[in-house]
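J.: Here is what each chain is made of, one letter per residue.
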Amino acid sequence: MIFECRDLDRALSNPDLLAELQMHMRDCEGCRNQYRIWTEISSTARELHQEWESPALWPNILAAVEAQRPEPKHWYMEWKLWAATAAAAATIACVLMYWPHAPAAPSPGIHSGDQDFLTEQALKDVEKNEAAYRRSIDELSRLAQPKLASASSPLLLNYREKLLMLDSAILETRSSIAQNEFNAHLQSDLADLYREKRQTLQEVLTDAQRN
Amino acid sequence: MTWEIGLPLPFGTTLPDNPTDAQLVESCRRGDLRAFEHLYTMHSPKMKSLAFHLLNSRSDAEDAVQETFLKVHKAMGTFQANSALSTWIYRILINCCYDALRKRQRLAEKPMPGQLSTDSKLPLKIALERAILALNERQRLVFLMFEVEGLKHSEIAGVLEVPEGTSRAWLFEAKLALKKMLTEAAR
Chain H
33 MIFECRDLDR
43 ALSNPDLLAE
53 LQMHMRDCEG
63 CRNQYRIWTE
73 ISSTARELHQ
83 EWESPALWPN
93 ILAAVEAQRP
103 EPKHWYMEWK
113 LWAATAAAAA
123 TIACVLMYWP
133 HAPAAPSPGI
143 HSGDQDFLTE
153 QALKDVEKNE
163 AAYRRSIDEL
173 SRLAQPKLAS
183 ASSPLLLNYR
193 EKLLMLDSAI
203 LETRSSIAQN
213 EFNAHLQSDL
223 ADLYREKRQT
233 LQEVLTDAQR
243 N
Chain D
57 MTWEIGLPLP
67 FGTTLPDNPT
77 DAQLVESCRR
87 GDLRAFEHLY
97 TMHSPKMKSL
107 AFHLLNSRSD
117 AEDAVQETFL
127 KVHKAMGTFQ
137 ANSALSTWIY
147 RILINCCYDA
157 LRKRQRLAEK
167 PMPGQLSTDS
177 KLPLKIALER
187 AILALNERQR
197 LVFLMFEVEG
207 LKHSEIAGVL
217 EVPEGTSRAW
227 LFEAKLALKK
237 MLTEAAR
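Chains as they are written, first to last, in our numbering: chain H, 33 to 243; chain D, 57 to 243.
I should point out that these hints are in silico values taken from the structure, not numbers from a laboratory. All values reported here derive from a predicted model rather than from experimental measurement. A virtual CB, placed ideally from N, CA and C, is assigned to each residue, including glycine. Take these hints with a grain of salt, some might be off.
[Said to hold, decoys possible] Here are some of the chain H residues that sit facing chain D, going by a computed Cβ distance under 7 Å:
#, residue
1, Ser45
2, Asn46
3, Asp48
4, Leu49
5, Ile69
6, Trp70
7, Glu72
8, Leu80
9, Ser86
10, Asn92
11, Val97
12, Asp199
13, Asn212
14, Asn215
This is chain H alone, in the form it adopts within the complex (with noise of 0.2 Å):
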């Protein structure tokens, strides 16, 4: 075969024919031009991809996943609902066992005269939940630990000055239960105190996010 300028195409997609390329590009200044510029396209094409850093990027996607989620089912929530249930059903197996009956000896751990106690096994469950509740909210401390360290800012002092508060009414409450813990009003006002901790973390994440 005699290799033509018009084969080039061809010879670049058939490495048989690569050889008699070659022997044709020693005479054809513009054959060999083309093939330079044919190896160097890969190449070059490797330079053109693009790096940049994007620190917001994958805070904005968080954000807009957060957004896009149906209402979140809070932990606080079942919990507050369990503590909520075993109220009512305690209090409804009180009356059932009280009225119209003759006294029974009462059961163990619940306390006479009190109508908001829990059951052993409803109390079990919001142990439970409490304790798992306080785990996430101990990694969310953590992760905010070092922006509070370093406060400067009159926000971040006041969410400071708010988590010891809060810090302090929980050890508070938590005393109280210790003494009571069948005590669903105690048990719900802790269920609150760690909500709002929980959102001050989280504001204060958020604002160290924007800054």
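Position chain D relative to chain H; hints supplied.
T.: Frame of chain H; chain D shown alone:
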């Protein structure tokens, strides 16, 4: 910094160092945002670059990548494992880019092919960048994915839903067209 806004954080669940597609999909479906972040870390650099070449703007590219991940998150439950996860993600990205192009009508801002021949002294990289814009849609996509972003023909074929041989043929067409434009520009 990563954190999950909707508690609880998934304590006790771990994501392997090199999770498979199936593990990632399963974790994402369970709402594990670390799996979703893993997807982002793995694919976003190439996705941003590809979107940049299609949209000609970094901020538009970031918007497209964000939109893509939102769609991926929303549609993860419907993902069918008959294609690779990456293939599916790139397909969504390309659709997002085309949506953006349609909305913003950026095509009008791109240099026309005729402009290339007037610039004979351009370094090859710049000339190539401009020449790519003059390729037709399928040639440009295949060229960008294969030569610029390093995807395999099997992956490109999956993204574009064409046989692998077609992907190879379109790449060859693209390179021939580029060679022609660049040779003319160099004269």
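J.: Tell me the hint numbers this structure goes against, listed in increasing order.
T.: Violated hints: 2, 3, 4, 12, 13, 14; rest satisfied.
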